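Trainee: The primary structure of each chain is shown beneath.
Protein chains: 2
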Amino acid sequence: MDSNSSANFDLLFDPQTIAVFGSVKSNKIAHQLITQLSGGGYPGSILAVNPKGERPEGFPAIPGFPQVEALPHRPDLALICVPERFVAEVLESCGQAGVPFAVVFTSGFSESGNTEQELRLKAAAERHGLRLIGPNCAGIMDTRSALFASIEVRALPGKTAFITQSGAVGGAVLALAESRGIGFSKFISYGNRVDIGEVELLDYLVTDPATEVIALYLESLQNGRELLRTIARVSLSKPVIIIKAGRSRSGLRAAGSHTGSMAGSDEIFAAMIRQSGAIRVAGIEQMLDLCDGFSNLPPMRGARIAVVTNSGGPGILASDRAEELGLEVRESEKALKDQLKDFLPEHCAFTNPIDLTVEGTREGYRRTLEAVLDSEYDAAIVINVATPFLDSSDLACGIAEASAGRKHPKPVAAVFMAGAIVERGIETLKRNGIPAFPTGERAAAVLSGMHTYTRARRILSGRTILPNTNRGGAVAPAHGPVLEPEVLSFLEPLGFTFPQHRFIIEEDQIPEATAELAYPLVMKVVSPQILHKSDVGGVLLNLEDEQHVRRGFTDMAGRFADREFHGAMLYTQVREGLEIIAGIKQDPTFGPVVLVGAGGVLTELLQDSALRIAPFDVREAEDMISELRVARLLSGYRGAPALDRRALVDLLLRLSDLAARYPSIRELDFNPVFVQPRGVKIADARIILKER
Amino acid sequence: MDSNSSANFDLLFDPQTIAVFGSVKSNKIAHQLITQLSGGGYPGSILAVNPKGERPEGFPAIPGFPQVEALPHRPDLALICVPERFVAEVLESCGQAGVPFAVVFTSGFSESGNTEQELRLKAAAERHGLRLIGPNCAGIMDTRSALFASIEVRALPGKTAFITQSGAVGGAVLALAESRGIGFSKFISYGNRVDIGEVELLDYLVTDPATEVIALYLESLQNGRELLRTIARVSLSKPVIIIKAGRSRSGLRAAGSHTGSMAGSDEIFAAMIRQSGAIRVAGIEQMLDLCDGFSNLPPMRGARIAVVTNSGGPGILASDRAEELGLEVRESEKALKDQLKDFLPEHCAFTNPIDLTVEGTREGYRRTLEAVLDSEYDAAIVINVATPFLDSSDLACGIAEASAGRKHPKPVAAVFMAGAIVERGIETLKRNGIPAFPTGERAAAVLSGMHTYTRARRILSGRTILPNTNRGGAVAPAHGPVLEPEVLSFLEPLGFTFPQHRFIIEEDQIPEATAELAYPLVMKVVSPQILHKSDVGGVLLNLEDEQHVRRGFTDMAGRFADREFHGAMLYTQVREGLEIIAGIKQDPTFGPVVLVGAGGVLTELLQDSALRIAPFDVREAEDMISELRVARLLSGYRGAPALDRRALVDLLLRLSDLAARYPSIRELDFNPVFVQPRGVKIADARIILKER
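As you go down the protein sequences, you meet chains A and Z in turn. Under the working numbering, the first residue of the first sequence is numbered 1, with each subsequent residue one higher. Under the working numbering, the first residue of the second sequence is numbered 1001, with each subsequent residue one higher.
Hints were generated in silico from the structure; no laboratory data involved. Small disclaimer: the values here were computed from a predicted structure and weren't measured. Backbone N, C-alpha and C fix where the C-beta goes; we use that ideal spot for every residue, glycine too. Careful, some of the hints might be misleading.
Taking CB as the label site, the calculated pair distances span [unchecked claim]:
(1) Z:V1601 / A:L236: 37 to 45 Å
(2) Z:S1237 / A:G639: 51 to 59 Å
(3) A:I688 / Z:G1679: 44 to 52 Å
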């Protein structure tokens, strides 16, 4: 897909005629689909297609036809629920008839190992330019065009488009959303994704006027780099909320087995999230909470929130969670406190949380919230804990009054607790466009997610994510591991800095070489047969004079005589600076990624590393470094001199560029790199090229 | 309270007669309480007490009296809702009349700064031996005796006793629980805790036959050490689930302001949780989930769980979360797979998650779950994602059949998704005693919490938590900071090991002193006026010979002549080993705590430390060390020699003993301690005694 000309899916979501393929007996899927379409008020015409041309039971107005050729006119959308062995054939006939879109519900393809049949579907669709959703999917919905082409619970109208790889997760989300009164603009379950996938859908939805928020459930990825680029583009105008399943070993195993494609490493996915501006959530409850927040609330402009409550405990729990998630729950400033004291009883708490106590009234909530929204805070969580003897609906009105019709709206997230006794109050809130969450902790998570998005969007604007890079020439004629002298002569001209060094192939060169190098020296064997040099005594440290060097060289030449001994590298030994590691890896989904982390003994102790998908810009390189805990040591820790952070940033940018320009590099490791008060020194470099 | 003779609260929870004090007009709390008591079917007699002796409106059978002296007989329980200024008086009269228990609902005491009045309540109660709940509380309930002395939603019957400091959290939990069909044995909101608090209640509930699970919401603590001892004792027979609010700065601020007592540091509370065997949860939804699990399921015997599902996505999300929480979601063993293949269709997934696919039937669920429960797994999560066209109730029956009447029951947590379409199925599950959770992630959290408890109980059995220790003599006649020579002569006989050292007060002693010490040496000034020696040049390192030592001493003597120069300590300089820090602090709530952590540059970089409330045993000391990330360096990291872990354990035990025996030590710091291949060496020790 060319990302600059996105596909037009208007007819897919607003078809005039739908043909439903499959048995229309009353317990069959095609029949259930027709029930859903009719029940949802689909205004176009529905045609049933099945071998006997039967009409669906109970729907006398819907005609039946034996095959697509017999239809009175060309349908815009084919819904296909025929047994697996007939799907390709049906697609072929649809293609021939010029049907532009098809949704294949039938399962039994790549998810159960049947890749061959799936390829036949793909071929049929491609042959005729028919665009395909599925197979093995739960269908699509569009609440604006009253299209409910799915057997899942019919979505209520709303502003969120929900794209899901798993039909079951789709169904569960729709059912849960219905019970909470949360709606959707569109629903797309795309199953095995032989054709249309998340990237094209995102690209289409960014222009969909009915959609303001996009939620995405993913197990595997189609094209990681394209997804990153697309989300970064979409995030400029609409938030993208993502659940990525398959974080654990067992989760990966299951994701692998049931959609036929292996999920990528979660660390790299996390890097994608950071680079793209997406908001990641762990589960479907959080996802729905956030959809509700984004759909109903104005943007968070900053991190400062106020908690207005009629009871201490729930206010504290909300504050605890909010701070944990990076929001600020600062004490009210004097001006606000003074204002509150004018109308609130003395026994109330005027700090933040602001506690109206159990005696909080409609008027109290209204005036307090008005004062809070006029003050320094960027958003408010309003909590009401009811008893069976308290009319919550009245308090809800006070809250609605305060947040309605403001010139500079700020998010107000309500928490009415709990159960049956606040149902009326929550209805009042919803009618007034104020989302209500089950607990203050969940409201805090929503505001935090919204704040994450605000920051991400600010950072993304004006940046190009994964710009196209000119490809360099091949690194070297070799494949597999590259010898150290070659590594150096490749990398040094590209601006990578190493300690002083000389390559010697015979003893005679030693006097001249050592004359140019500052002692002490390090000697490393050069041999295509020796990959892990230090394991076999192929690295000598602390060589203090020429005699030591000679002795070391003769010894190596002897010991490695039968292992293609090419000679040895001599380096000035680096002893000062902060040890870090840096490198490049190739990810099957995301392509080249750059890594930086704590080096030396800290590597495994801290598990302190940062990843980014390459190429990236200076800001991203700086972010990577800030992510590291060892970054604190750069600024001169406990009297040590400050180290050259800029040189480290520069190293990462060079790595990013290298990774993008030389796809033939399968792996590159700098371990360790010494960050010094001036500059960095790469003490060991290793490159492995792709197999030819 | 003496922890060996717990108070008897039987009459509090099962009173024959209740007197309700306060206005009985229809919108007043006393009236609401009477409404609740009657509505809940309270079988005893209710008497109303108010100045005019009015009967409550709408309750013609309940008599009114003007004062306690006028009552026909002594009530077992007084419920007091009179205005704040009359509470002490009412309590006094109740006390004189021999009323054994009172619950004070009225607020306006220490929570709003009115400590004086609160002390009057306390005094009145103590004078007459009247036991008191409150003030500022939401009352109590006992579902077995049909006592609903609270204006919150009436609890359904159940096995969990819920103790809460915050009445509002109590109310929210009760309302949320009702909507989920989760019940309670008892409910106790104890508010400002002038008398009865969490420790005594826990102590009583451990013997309560109606209670199998205890849930506790805390903001501040009464007596941290007693709480730790009590929970450890209770946990041997009943799980204790705790929410501790006030983890954040704003949360602490609010907790401080609204119950009048400051919450302790969260790190120390976390240590209490670990030492006591309690299970900590972050919020009320998790708490209810766990109550539901513990109340209905047999214990988790191990960490291995199976996920049985009819849909991939939700199964993966459950597995991801389960592994994240430390459960094992291992692939099924061959025997189980073979068994499943006998009756499940080929397209199902037989690994773990076990996926029956959307075609999963009642029979399929039953036989799969039976096989799983007979296999190596310790528990199962069973997921069903429904569509509006699927009868979940039938599947629920299959699940119930499989888990019913087993010889060796294992926990089965169900997840039926979602909303209205699975309501009937969930009812069927509940009728059969199988708890249902909204998502697989939440079911995983429940099983993980239950597994945490199993492990904790195993560890606790046979141990004594916070044993009583003999107190040592006073450390030194001084108060405040202690001079280094005194520190050493106090600590060395107690088995703490230091590098070789000598205290010199004049230059003449140098030859003799240095003859006994191995070079290089460290010299530290000794002066009561110099606390931070290295900041003023009071520490000299790397003294290589006698001449250096002499020069250093003369120099110090000169520089510090006007600052009470007592002399200098000479030490053999320690250069080898892993640097750690260790020490003792006094916590206002928990008393002496011992700390160990990464030393040197790693201290602030890693924030890697472990705390325990002292005294503790060898197992706890070992746990502390295992908690540290630097612990990995003890076992000989990257070719370095293994270090003396036992000596570090020994050091912690000595600190634990010291902390318990010498409460006059306000602070003790060993920084750094070098853990060496043989033994540990304390390179710097500092003690600060309490002010007299």
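Trainee: Could you check the hint for me, namely that I688 (chain A) and G1679 (chain Z) are 44 to 52 Å apart, CB to CB?
Mentor: Check passed, 45 Å falls within 44 to 52 Å.
Trainee: Against the range 51 to 59 Å, how does the distance between the Cβ atoms of S1237 (chain Z) and G639 (chain A) compare: consistent or not?
Mentor: holds (55 Å)
Trainee: Just tell me: holds or violated, for the beta carbon distance of V1601 (chain Z) and L236 (chain A) against 37 to 45 Å?
Mentor: Cβ of V1601 (chain Z) to Cβ of L236 (chain A): about 42 Å, so the range 37 to 45 Å holds.
Every hint from the earlier list agrees with this structure, and none is contradicted.
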